[in-house]
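Here the protein sequences line up with chains A and B, keeping their order.
Counting from 1, one number per residue, gives the positions in the first sequence under this note's numbering.
Counting from 1, one number per residue, gives the positions in the second sequence under this note's numbering.
Quick caveat, the hints were computed from the structure, so don't treat them as lab data.
Since the model is a prediction, treat every value here as computed from it, not as a measurement.
The beta carbon of each residue, even a glycine, is placed where N, CA and C say it ideally should be.
You may find that some hints are simply not true.
[What the hints assert, rightly or not] Here are some of the chain B residues that sit facing chain A, going by a computed Cβ distance under 8 Å:
hint, residue
1, 3
2, 4
3, 6
4, 81
5, 83
6, 102
7, 107
8, 136
9, 139
10, 142
[To be verified] Short derived list, chain B residues pointing at chain A, Cβ under 10 Å:
hint, residue
11, 8
12, 11
13, 29
14, 33
15, 42
16, 103
17, 126
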Amino acid sequence: MANDDREKLSVSRRAFLKGGALATGALSSTLIPLGPAEGADRAPEATDLDPRRSKIELKVNGVAYRVDVPNTTTLATLLREELHLTGTKVGCDRMQCGACTVHVNGRSVYSCTVPAVDAAGTEVLTIEGLAKGDTLHPIQQAFVEHSGFQCGFCTSGQIMSTKALLDRNPQPTEDEARQALSGNLCRCSAYKKILESVMTASRLSRA
Amino acid sequence: MENFSYSRPATLKEATAQLGKEHGKIAIMAGGTDIYGGEMKDNLLAPERLVHIKHLKELQGIRQGTGSLRIGASTLLSDIVESPVVQKQAPLLAMAAGKIGTLQIRNMGTLGGNLCQRPRCWYYRNNYPCYKHGGNACFSAIGENDQHAILLGGPSFIVHPSDSAPALVALGASARIVSGTGERTVPLDKFFVTPRENVRRENVLLPNEILAEIDVPNAPAGSKAIYVKEMVREVWDFALCSVAAMVTLKDGVVQDARIVLGGVAPVPYRAVKAEAALKGKTLDEASATAAGLAAVDGARPLSKNAYKIPLTQAVVKRALLSLA
């Protein structure tokens, strides 16, 4: 997507009023954190007066949000620029590199190519949702132990793909792991260390 | 990307009611990997409205039919790959679907979307004013054509990029197509159209129609099948050449064979001469080699893709020998 397409996102009047009442200081003013019970199964609504924007409710890492964005907004842009969850990276922006991998309703997807409106009513898990406080998730721990990265740009995507694999196949063979992570490129070519990390993560996750 | 309005209709009926009379203005989106991730991001297409159909319950799921499986067009490719019932009744489809893209793409894309995706031709994807964009030329004919068609090419030389399509054609599947005024069922080998039939589109879908369901007959008793895909890389690419092969053997002798090629023609290409060459033969080196030769009978390579002829021969032979 060209830079000029990344419109500066403005705050709708309704969102502003609600946001003023509800939003906490840690969140951008376009965001409205909702109670834990809200946010699920809601279809997007066209914003009053502009059919090319949508009001979206979704849950990210267990927290419910309501945002109002242009329909061109991708889930990756929503996560990074609206929710400020910048652990999810955008590399190619074309479903090729995998740096933007997150889980939507338990399935790994390329968030660069999920329209944010399509994610309305879903539960999203990003790299920020893995650690419990200061305790790393076993997959993160394994990547640290094996240095499963060099520059680190692709790492959050590699970890989310590893989680997608281990959630369904807790004891993969090396070949299954290679196949499962084939949608995540590493320009530094740390593939051997990444594979070691995945196999160790499998052991740690079952420990 | 141009901005667009977005609708998420509650029912299939509501969805078809929103469709228009021409392709492109009002666009249907399921997984969005091609239309959104490809065509819209690359400014090949700027629809005024996207009609989302992936969430429609009527289009989801795998149901038992009579001697067949009925798979909703919005069923996720991953669900098809993982489905025990597909693995049992139509293993060829499960194998082929497993070769599509990457795990993430299979987690996003749908079966209907995989069948309806647009060509991967680099001239099309780079917005050259070719036949597919309403123009009057196919630039691959005298340009860079090493990934283009060797069979049924002309006036456009695109290849059909789908992996699930050759498997479904081999299985004798049909498509249920729904519009605001009714529905029709089209056998999948009539669903795809050659450039001679319609140079602008790759299938029979009209702008006001939605591909709703694929009916997949159970693989014949005693049949064995395999999907082999050759790519520039080992994973995560479109086919240079692929083959969906299914043979029914009795006492080692071929009773029936289906050989359908992907990546070499503008449609999934049923190699009927290869099928005929196998009937009544024992599946061995000699018959597999003969079938490989017959599969590319009539091929007319362009300036840079003659390599696809021996490649296709070898892939057909290898697929068949693995079933022996």
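Here is what the structure says about each hint:
no.: 1; hint: 3; verdict: 4 Å, holds
no.: 2; hint: 4; verdict: 6 Å, holds
no.: 3; hint: 6; verdict: 5 Å, holds
no.: 4; hint: 81; verdict: 11 Å, violated
no.: 5; hint: 83; verdict: 14 Å, violated
no.: 6; hint: 102; verdict: 3 Å, holds
no.: 7; hint: 107; verdict: 4 Å, holds
no.: 8; hint: 136; verdict: 29 Å, violated
no.: 9; hint: 139; verdict: 22 Å, violated
no.: 10; hint: 142; verdict: 28 Å, violated
no.: 11; hint: 8; verdict: 5 Å, holds
no.: 12; hint: 11; verdict: 13 Å, violated
no.: 13; hint: 29; verdict: 8 Å, holds
no.: 14; hint: 33; verdict: 6 Å, holds
no.: 15; hint: 42; verdict: 8 Å, holds
no.: 16; hint: 103; verdict: 5 Å, holds
no.: 17; hint: 126; verdict: 13 Å, violated
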